[in-house]
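Student: Residue numbers for the sequence shown follow my numbering, beginning at 20 and rising by one.
Heads up, a few of these hints could be off.
What the hints assert, rightly or not - List time: in silico SDA-like cross-link candidates among lysine to any residue, alpha-carbon distance up to 25 Å:
1) K94 - G115
2) K145 - G194
3) K145 - R132
4) K208 - G52
5) K94 - I156
6) K208 - S42
7) K79 - D23
8) K94 - H117
9) K105 - D31
10) K208 - P196
To be verified - Listed next, with one range per pair, are the computed distances between beta-carbon atoms:
11) R99 - N51: 26 to 36 Å
12) P54 - G80: 18 to 28 Å
13) S59 - R99: 20 to 30 Å
14) Y182 - K104: 20 to 30 Å
Keep in mind the hints are simulated off the structure, nothing from the lab.
Backbone N, C-alpha and C fix where the C-beta goes; we use that ideal spot for every residue, glycine too.
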Amino acid sequence: MIYDITPLVTKDLPVWPGSKPLSRSLECDMKNGAPVTSSSLTATCHLGAHVDAPSHYSLKGETIETRSLDFFIGKCQVIRVDVPKKSYIHYSHLSGVHAPRVLFATGSFDYTRPSFQTDFSAIDPKLMEQLAELGVITVGIDTPSVDLYATTTLDSHQMALRYNLTLLEGIDLRGVPEGFYELIALPLKLKGFDASPVRAILRSI
C-alpha cells in the first residue's frame with residue numbers, strides 16, 4: 020500500500036509568512052490555438068512537503084543537490100504524538116525509535132486552510148540530539164518547521180546541522196497509521212538551493 024504524504028500544492032497552500040506562494044504563468048496554451056500548453060511556476064522552495072538543505076540554516080552548510088540520497092529513501096517509522104499546540108515533542112512522548120528515519124504526526128497544522136497557522140508543535144532540540152544518538156538520519160514532521168514559529172535561534176535546526184540530520188517538513192500524515200514504512204521523498208537536483216519541494220510517499224513494508 021502507498022500513502023501519499025504530500026499536501027496538494029495550490030496557490031492557496033499556506034507558506035511561511037514572507038515567502039512566495041505558488042503562482043503559474045502560461046507561455047502558450049492549446050486553448051488559444053497553440054500546439055502545446057507550457058507554463059512556468061514561481062514559489063518558495065520550502066513549498067508544502069519539502070526537504071531543507073543545511074545551507075538553509077548555515078552559511079557553510081551543504082546545498083540541496085549535494086545531499087546523499089540515503090537520507091530520502093529507506094525504512095522509516097511514523098510516530099503519533101499528543102502534545103499541545105505551541106509546544107515541543109520530547110523523548111518522554113515516545114515509546115521507542117527503531118528506524119533511521121522518523122516522521123512525527125502532531126496534527127497541529129492544517130494545510131487545507133489558506134491562512135498560515137503559527138501555533139503548530141515542533142521538536143525539542145534535545146530530542147534532535149537524542150534521535151541522532153539513536154542512529155536517526157532523517158527527521159520529518161507534519162508542520163512547516165521542526166522549530167516553533169516564534170523562535171529566532173532555530174535550535175532544532177542547529178542540532179540537525181551539528182549531527183548531520185536531514186529535515187523533511189510540511190508532510191501530511193493524516194490517515195497514516197503508526198508503524199514502519201519505506202520512505203521515498205526525493206528532492207529536485209537544484210544546484211545551490213537551500214531546499215526543495217518533494218513528492219513524499221510511504222510504502223508499506
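Student: For each hint, tell me whether it holds in the structure or not.
Tutor: How the hints compare with the structure:
no.: 1; hint: K94 - G115; verdict: 15 Å, holds
no.: 2; hint: K145 - G194; verdict: 28 Å, violated
no.: 3; hint: K145 - R132; verdict: 31 Å, violated
no.: 4; hint: K208 - G52; verdict: 34 Å, violated
no.: 5; hint: K94 - I156; verdict: 11 Å, holds
no.: 6; hint: K208 - S42; verdict: 21 Å, holds
no.: 7; hint: K79 - D23; verdict: 33 Å, violated
no.: 8; hint: K94 - H117; verdict: 10 Å, holds
no.: 9; hint: K105 - D31; verdict: 23 Å, holds
no.: 10; hint: K208 - P196; verdict: 31 Å, violated
no.: 11; hint: R99 - N51: 26 to 36 Å; verdict: 49 Å, violated
no.: 12; hint: P54 - G80: 18 to 28 Å; verdict: 44 Å, violated
no.: 13; hint: S59 - R99: 20 to 30 Å; verdict: 39 Å, violated
no.: 14; hint: Y182 - K104: 20 to 30 Å; verdict: 27 Å, holds
Against the hints set out earlier in the document, violations occur for numbers 2, 3, 4, 7, 10, 11, 12 and 13.
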